[in-house]
Amino acid sequence: MGTKMNWQRWLMIAPAVVFFAVFALFPMLMAVYYSGLQWNGISSAKWVGLANWGSVFRSGDALHALRLTAEVMVLSWVVQTPISLLVGVFLAGRQRHRAVFGVFYFVPLLFSSVAIGVTWSYILNPNFGLLDALLKSLHIGNGNQNWLGNTHLALLVVTLIIAWQFIPFHSLLYQGGAKQIPDSLYEAATIDGANVWNTFFSITLPQLKYTLITSSVLVLTGSLTYFDLIYVLTDGGPGDATTVLAMDMYKQAFVNQNIGLGSVLAVILAVAGVILSILTLRFTGFSRMESQLEGM
Amino acid sequence: MASQVVKTDASVNLRAPRRRRLRWYNVVFTALGVVWLIIAFYPVLYMLMTSLRSQQGYLLGIPWLPSLHPTFENYATVLQAGFVHYFLNSVIVSVCSVALIVGCSLLCAYVVVRSRNRAVRVIFDVFLVGLALPIQAAIIPIYVLITKMGLYDTLLGMILPSVAFGLPLTLLILVNFVRDIPNELYESMGLEGASDFRLLRHLVIPLAMPALISVSIYDFVQAWNNFLFPLVLTQSDSSRVMPMAIVSFQGQYTMNVPVTMAAVILSALPLILAYIFGRRYLLRGMLAGFGK
Chain P
1 MGTKMNWQRW LMIAPAVVFF AVFALFPMLM AVYYSGLQWN GISSAKWVGL ANWGSVFRSG
61 DALHALRLTA EVMVLSWVVQ TPISLLVGVF LAGRQRHRAV FGVFYFVPLL FSSVAIGVTW
121 SYILNPNFGL LDALLKSLHI GNGNQNWLGN THLALLVVTL IIAWQFIPFH SLLYQGGAKQ
181 IPDSLYEAAT IDGANVWNTF FSITLPQLKY TLITSSVLVL TGSLTYFDLI YVLTDGGPGD
241 ATTVLAMDMY KQAFVNQNIG LGSVLAVILA VAGVILSILT LRFTGFSRME SQLEGM
Chain S
297 MASQVVKTDA SVNLRAPRRR RLRWYNVVFT ALGVVWLIIA FYPVLYMLMT SLRSQQGYLL
357 GIPWLPSLHP TFENYATVLQ AGFVHYFLNS VIVSVCSVAL IVGCSLLCAY VVVRSRNRAV
417 RVIFDVFLVG LALPIQAAII PIYVLITKMG LYDTLLGMIL PSVAFGLPLT LLILVNFVRD
477 IPNELYESMG LEGASDFRLL RHLVIPLAMP ALISVSIYDF VQAWNNFLFP LVLTQSDSSR
537 VMPMAIVSFQ GQYTMNVPVT MAAVILSALP LILAYIFGRR YLLRGMLAGF GK
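For the protein sequence lines, the chains are P and S, in the order given. Quick note on numbering: the numbering used here labels position 162 of the first sequence as 162, and the sequence is numbered without any gaps. With positions in the second sequence counted from 1, the corresponding number in the numbering used here is that position plus 296.
The set of hints was computed from the structure by calculation and includes no laboratory data. Note that this is a predicted model, so its numbers are computed, not measured. Errors might be hidden in some of the hints.
Unchecked claim - Pairwise CB distance ranges, derived in the manner of DEER restraints: (1) P:Arg67 / S:Asn322: 56 to 62 Å; (2) S:Gly399 / P:Leu156: 40 to 46 Å; (3) S:Gly399 / P:His152: 28 to 34 Å.
Unchecked claim - According to the in silico footprint, chain S covers these stretches of chain P (three or more CB under 8 Å from chain S): (4) 54-65; (5) 68-81; (6) 138-146; (7) 200-208; (8) 227-236; (9) 246-255; (10) 270-277.
Glycine residues also receive a C-beta, built at the ideal position from the N, C-alpha and C atoms.
One chain only, chain S, in its complex shape:
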């Protein structure tokens, strides 16, 4: 962002005349840009257009054009087919996972940064190795464990392993952020005899707020879209979350594509709204510190 704002006079002078002249390569770039626009966005547009068609319109109409008689009946069908229930399940799982991941990581990150303890260092290194472990590699024992705990087919059964696998990256990002807080600030507050909890509340949390928001968004998107945990750890209607709901709509309405497309659009509703109202925060959150 900063580089956009900071513009020296020289650059303005140099760029102004250049921009007015139409360069052949800029025309080519824009043309390629339009091609990519079609590839990247048209499938999404297709989702939207199809979701607004009637079943008959889908079978008879021209598939690549919007319907002349758009209808919301598919959305109504989806909402009546238990969608709200599945949506709320996803909200519960995602919000609980994010709260636990970010809360646990923040406390842990603070201690990792503030203490010079050997054991803590080793623990942090183990978390870093955890970054490398794919969920798929642990899913079989997780299934056995969750079943033995009596949590199979429950929302809690999905939340617990999601937290464990969300921790490493969140912790790493927060450690790096907390580490950037100048030591003098801790010292000046520490001299007043502030406890760890006061330091956290009045110094670390306010300063780390941008990072906390970013990782929360990242973890939310991960939890919202997670497919493997619900696939393996749940089976019934009552614990069905969004991605599983799409799969079951697809199975249930095999020939009724518009209904499934409406479910697909609705399943992304929180992210679509976030994109419309806070695009910059959402995109920054999705990068989760991989940027630069």
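Just chain P, same shape as in the assembly:
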């Protein structure tokens, strides 16, 4: 069989193409169209052109959502990257107890965002939650801090829970990367009398450059779409303190039944996703990756 297409081969790619075209590409294009409609999803729609776009950018809500999304992005990177890096390098060590630790470190990966969100909402509950009970017994604070109900704290707390959920995944990435660093590099450093910091900054970190880039991009693109956890934890509240872009989109479209406004936000999400993803391809060469599964 050569490299020419024939009807059988067209038939082979057809299912994938049809699925993708009908349930991903077509909806995406429709989102652009819907963004020009005044429509509640039931009665007949009215074409209003760019009016929705105008009102999105005039109202402070969308800009507020954009700013929160950016905050979550930055904060997520700042919290997740150093911890994941250190945990991953720690786990890549040969000591037996580290392997045992690893078994427990990865357990949060087994739970869905919803499961994690529900659990943390109980841990942080101001009336009967674990955290306040603990703090009270240690005589720290007044023992009834409302972690998720506090406008100033909510976004930070949500971001920390997101970090709790995703750090295991990223430390898994770093562990894989760190295990591939050749022993000979460390031996040479030991002979040269390098101490543990020198070794980390002049060998481990540079060798993990590509892992660092991959992980960072995943954190950034991921932060764009955090929704499940926020939905369960705060539902965007208190007020709009945790109404990030994806949450705002959901609320406009499915709670306020304003399909047009929701679609404007959806298009903004898509554009941001594509931009971030182009950066991914540019910096990680992800589309050309080879034998990525080795070295686990």
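Mind docking chain S on chain P? Use the hints.
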């Protein structure tokens, strides 16, 4: 894995004496490791401990310690509240999604690798752009489309868009894997006049098996945990899947936290079992080719 096995004599000699000496920084690292162990694992332990408490024990007992009288009554409550039904719904949605995603992707990946056709190349590039599209960005039209197709509140209505959004990454991973199969192997079989389907069955599938297993695991986890599709595309009991079931248990048993925690633990059962019996495969699958 390989780097662990390959160990030169020199490294053994160098490391052996070093390991015996207790370095201050290794003590610090282990201490920090224990701190992280508590942060990462204690909440999970809390889930488990709470799920084994009675409602009264939860309100009166010391919350951070395990109950002195563990009980399975919460699990019984959850199982009697339709849990098995929701669990099976999740199994159906996840298994069907994975089968369709991996099947379609494998066929498509084979053609992408084996043909030098311009149109196929463009199609592949479009799939790559699809990697960038967040589900959230398309959810509104998907809702309208599924409703118009009469599939609102059905399992099929969740499966179809899940397949579409699972395809890009799966396809990309399989293309990279199929591409690594040496051309000579195709040629030697092709000379015997083997058809595409024979090549797929006897060459590609056996060689790509590790990748197929990994992407299947990845896609399964995604489908199992997906929340947005069931949230938007279903409403009734009959089509309720695991994540929605947790939310509804939480609403239904507002004050009965142990019951909800039992539901949370049971909802992760397939992954917990996979972790116990095939940790390496599960973790590799979760990385889905992002590793390295």
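Status of the hints after comparison with the structure:
Our hint of 56 to 62 Å for Arg67 of chain P and Asn322 of chain S is violated, since their Cβ atoms are close to 43 Å apart. Between Gly399 of chain S and Leu156 of chain P, the C-beta spacing of about 44 Å keeps the proposed range 40 to 46 Å intact. Between Gly399 of chain S and His152 of chain P the beta carbons are some 50 Å apart, a value that contradicts the proposed interval 28 to 34 Å. Only when three residues or more bring their CB closer than 8 Å to a CB of chain S does the claim for the region 54-65 of chain P stand; here the count is 0, and the claim is violated.
Using a Cβ-Cβ cut-off of 8 Å, 0 residues of the region 68-81 of chain P lie near chain S, which falls short of the minimum of three, so the contact claim is violated. Here's how the region 138-146 of chain P fares: 0 of its residues keep a CB closer than 8 Å to some CB of chain S, so the rule of at least three is not met and the hint is violated. Given a C-beta distance limit of less than 8 Å, the hint that chain S covers the region 200-208 of chain P is violated, as 0 residues qualify and 3 are needed. Residues of the region 227-236 of chain P lying with their CB closer than 8 Å to a CB of chain S number 4, which satisfies the three-residue condition for coverage.
With 5 residues carrying a beta carbon less than 8 Å from a beta carbon of chain S, the region 246-255 of chain P meets the three-residue requirement, and the given coverage holds. For the region 270-277 of chain P, the assignment as covered by chain S holds, since 5 residues bring a beta-carbon within under 8 Å of that chain's beta-carbons and 3 suffice.
Hint violations for this structure: numbers 1, 3, 4, 5, 6, 7, all remaining hints satisfied.
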